[in-house]
Every structure is written in C-alpha cells, then in structure tokens.
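First to last, the protein sequences are chains F and S.
Numbering that gives the first Met the number 0 puts the first residue of the first sequence at 0, with every later residue one more than the last.
Numbering that gives the first Met the number 0 puts the first residue of the second sequence at 0, with every later residue one more than the last.
Just so you know, these hints were derived from the structure itself, not from any lab.
There's no promise every hint is true.
[What the hints assert, rightly or not] Restricting the straight-line Cα-Cα distance to at most 27 Å, the calculated cross-link-like pairs of lysine-lysine (BS3-like) are:
| id | chain 1 | residue 1 | chain 2 | residue 2 |
| --- | --- | --- | --- | --- |
| 1 | S | Lys165 | S | Lys155 |
| 2 | F | Lys21 | F | Lys46 |
| 3 | S | Lys84 | F | Lys46 |
| 4 | S | Lys115 | S | Lys62 |
| 5 | F | Lys46 | S | Lys155 |
| 6 | S | Lys165 | F | Lys21 |
| 7 | F | Lys46 | F | Lys63 |
| 8 | S | Lys62 | S | Lys50 |
| 9 | S | Lys155 | S | Lys171 |
| 10 | S | Lys84 | S | Lys50 |
| 11 | S | Lys44 | S | Lys106 |
| 12 | S | Lys62 | F | Lys21 |
| 13 | S | Lys37 | F | Lys21 |
| 14 | S | Lys84 | S | Lys62 |
| 15 | S | Lys84 | F | Lys63 |
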Amino acid sequence: MADSSGGAYRVACPLPVLAQLKAWGASAVSRGEGTEYVEALNFINHKLTTDPAGWGDPLYPLRKVGLMMRRGLHRPLQVHYAVDETLRLVFVKSFALLFDFGGEQGS
Amino acid sequence: MTMSHDLNGNSAGEGLAAENVRLREEVARLQGELGGLKQAESDVKRLEQEKAEIAAERDDYLKSLYYLTRKDWTVTEEEIADADKNDVRFDERFIEELERDLRSSQKLTTESDFLKTEMTRLQSVVVEREQTIQSLYALLEEVAGFSPEELANLEKDGASLDGVIKELAGLKP
Numbered sequence: 000m001a002d003s004s005g006g007a008y009r010v011a012c013p014l015p016v017l018a019q020l021k022a023w024g025a026s027a028v029s030r031g032e033g034t035e036y037v038e039a040l041n042f043i044n045h046k047l048t049t050d051p052a053g054w055g056d057p058l059y060p061l062r063k064v065g066l067m068m069r070r071g072l073h074r075p076l077q078v079h080y081a082v083d084e085t086l087r088l089v090f091v092k093s094f095a096l097l098f099d100f101g102g103e104q105g106s
Numbered sequence: 000m001t002m003s004h005d006l007n008g009n010s011a012g013e014g015l016a017a018e019n020v021r022l023r024e025e026v027a028r029l030q031g032e033l034g035g036l037k038q039a040e041s042d043v044k045r046l047e048q049e050k051a052e053i054a055a056e057r058d059d060y061l062k063s064l065y066y067l068t069r070k071d072w073t074v075t076e077e078e079i080a081d082a083d084k085n086d087v088r089f090d091e092r093f094i095e096e097l098e099r100d101l102r103s104s105q106k107l108t109t110e111s112d113f114l115k116t117e118m119t120r121l122q123s124v125v126v127e128r129e130q131t132i133q134s135l136y137a138l139l140e141e142v143a144g145f146s147p148e149e150l151a152n153l154e155k156d157g158a159s160l161d162g163v164i165k166e167l168a169g170l171k172p
C-alpha cells in the first residue's frame with residue numbers, strides 16, 4: 000500500500016553495504032547482467048522510498064528499538080530493513096544476491 | 000253398604016295402607032342407592048382428576064430427564080404413551096438405557112480426565128515454545144537486527160542507494 004501522507008522516505012544504508020552493492024554491480028556488468036541488476040536496484044530503491052512498510056514482508060520484531068524487521072525481494076536482490084514511520088526513515092541492514100545470480104554471496 | 004276384602008280377609012283399605020308403606024320403604028332404599036351412586040360418580044371424577052394430575056407430573060419428570068440428560072432416548076414419548084394405553088411396562092427398558100448412559104458417562108469422564116491432562120501438558124509446551132520464540136527473537140535482534148546505537152549511526156551516516164545506482168548505470172560491459 001503506497002504511502003500518501005508524508006512524502007518520500009529517506010533510505011539510510013551502511014557504507015560497507017553500499018560498497019558491496021557496487022562490487023556486485025561491477026561484476027554483473029562484466030558478465031553482461033548489469034541491466035537486470037541495476038533495474039532490480041532501482042525497483043528496490045523506489046519501493047524503499049515510497050512504500051517500505053507495504054512492500055517488504057515482516058520477519059520479526061526488534062523490541063529494543065520498537066521496529067519490525069522486514070525483507071523485500073526483487074530478483075536478483077533481496078534486502079533486509081526496518082522502517083521508522085515517525086522519522087520516515089528506512090534503515091537498511093543488508094542486501095543479498097539470489098543464489099543463482101552470478102555465484103555471488105550476500106553481504 | 001258392603002266392603003271388599005282380600006284373600007286374607009283384610010279389607011281393601013288395609014291392603015292399600017300396607018302397599019303404601021312398602022312403596023315408601025322402597026323409595027327410601029332407592030334414594031339411599033341414588034346417594035351412593037352420586038358419591039361413586041363424584042369419586043370417579045375425583046380419581047380421574049388425580050390420574051390426570053399424576054400423568055402431568057410424570058410428563059414433567061420425563062421432560063426434566065430429557066433436559067438433564069440431553070440425549071435422544073430410544074424410548075420415545077409416543078412409545079410411553081402407547082405403553083400406558085396398552086398396560087405395557089417400559090421401566091426396565093428405561094432403566095437399561097440409564098445404565099448404558101451411565102457407562103458412557105463414566106467412559107466420557109475418563110476421556111475428559113485424559114484430555115485435561117493432555118491440555119495441561121500442551122499448555123506447558125505452548126509456554127515453553129513461546130519462551131523459545133522470545134529467545135530466538137532476542138537472538139535475531141542481537142545478530143540480525145539493529146541496536147539503538149546502530150540506528151543512531153545510520154540515521155547520521157547512512158547513505159541512499161541513488162549514488163550507487165547512478166554509478167552502476169554509467170558502467171559499460
């Protein structure tokens with residue numbers, strides 16, 4: 000369900016995860032799979048900035064911080080994240096590549 | 000003037016007087032019998048009334064039994080009514096059914112006790128499972144969640160995906 004009340008969400012991704020995404024992307028480009036990879040990353044970015052709570056599946060509660068861990072999937076990537084509705088902020092925990100995409104492993 | 004006499008030599012007047020006395024006695028006796036018949040009729044009506052009351056009371060008990068036992072008896076109300084009409088006893092059959100129900104009831108009690116024990120055991124299992132889930136959540140939160148410090152750092156230093164997407168889109172194979 001798309002959010003329509005408070006504008007876009009800000010995505011906060013750890014720098015090591017961004018570095019991993021770059022490395023996977025470069026590898027995908029060199030194999031000729033760059034387009035699929037970048038399209039997936041674009042799709043995920045769109046979902047995280049517009050409807051993060053409605054898109055990802057809830058996994059388990061994070062009681063100490065009062066959030067819900069979620070997982071979103073769009074081939075060949077999946078992302079684990081939590082959403083703070085008050086701050087309208089998406090905290091990215093990690094990305095992972097699906098096992099059949101270029102033999103890479105998750106971050 | 001001559002007077003008529005009967006064969007005993009009594010005059011006609013004397014005969015009539017005697018007949019009159021006999022008839023009066025007969026009337027008195029018949030009146031007594033009539034009184035007795037009226038009393039008997041009254042008794043019959045009273046007994047019929049009592050019989051109806053007893054039948055109604057019996058039906059009430061039967062309905063109470065139906066209510067208390069809440070089962071379908073094989074002896075139906077119609078059968079009991081027929082038995083009444085035909086002077087057939089149904090009490091033995093009724094008691095036999097009660098005994099059979101008692102045995103079923105004892106069996107159900109045993110099953111109920113078993114189920115109660117099983118429920119207690121399952122409740123313990125549920126509590127244990129819930130504790131395990133809570134432990135797993137805590138573990139997940141520890142290894143695959145966010146600590147408050149981590150969230151604070153991400154809020155401050157985390158970056159969007161835009162830069163990576165832009166950079167990768169510019170790469171040529």
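Now the hints, each set against the structure:
no.: 1; hint: S/Lys165 to S/Lys155; in the structure: holds, 22 Å
no.: 2; hint: F/Lys21 to F/Lys46; in the structure: holds, 19 Å
no.: 3; hint: S/Lys84 to F/Lys46; in the structure: violated, 84 Å
no.: 4; hint: S/Lys115 to S/Lys62; in the structure: violated, 32 Å
no.: 5; hint: F/Lys46 to S/Lys155; in the structure: holds, 22 Å
no.: 6; hint: S/Lys165 to F/Lys21; in the structure: holds, 10 Å
no.: 7; hint: F/Lys46 to F/Lys63; in the structure: holds, 26 Å
no.: 8; hint: S/Lys62 to S/Lys50; in the structure: holds, 18 Å
no.: 9; hint: S/Lys155 to S/Lys171; in the structure: violated, 33 Å
no.: 10; hint: S/Lys84 to S/Lys50; in the structure: holds, 13 Å
no.: 11; hint: S/Lys44 to S/Lys106; in the structure: violated, 49 Å
no.: 12; hint: S/Lys62 to F/Lys21; in the structure: violated, 84 Å
no.: 13; hint: S/Lys37 to F/Lys21; in the structure: violated, 120 Å
no.: 14; hint: S/Lys84 to S/Lys62; in the structure: holds, 20 Å
no.: 15; hint: S/Lys84 to F/Lys63; in the structure: violated, 81 Å
Consistency note: the structure conflicts with the earlier hints numbered 3, 4, 9, 11, 12, 13 and 15.
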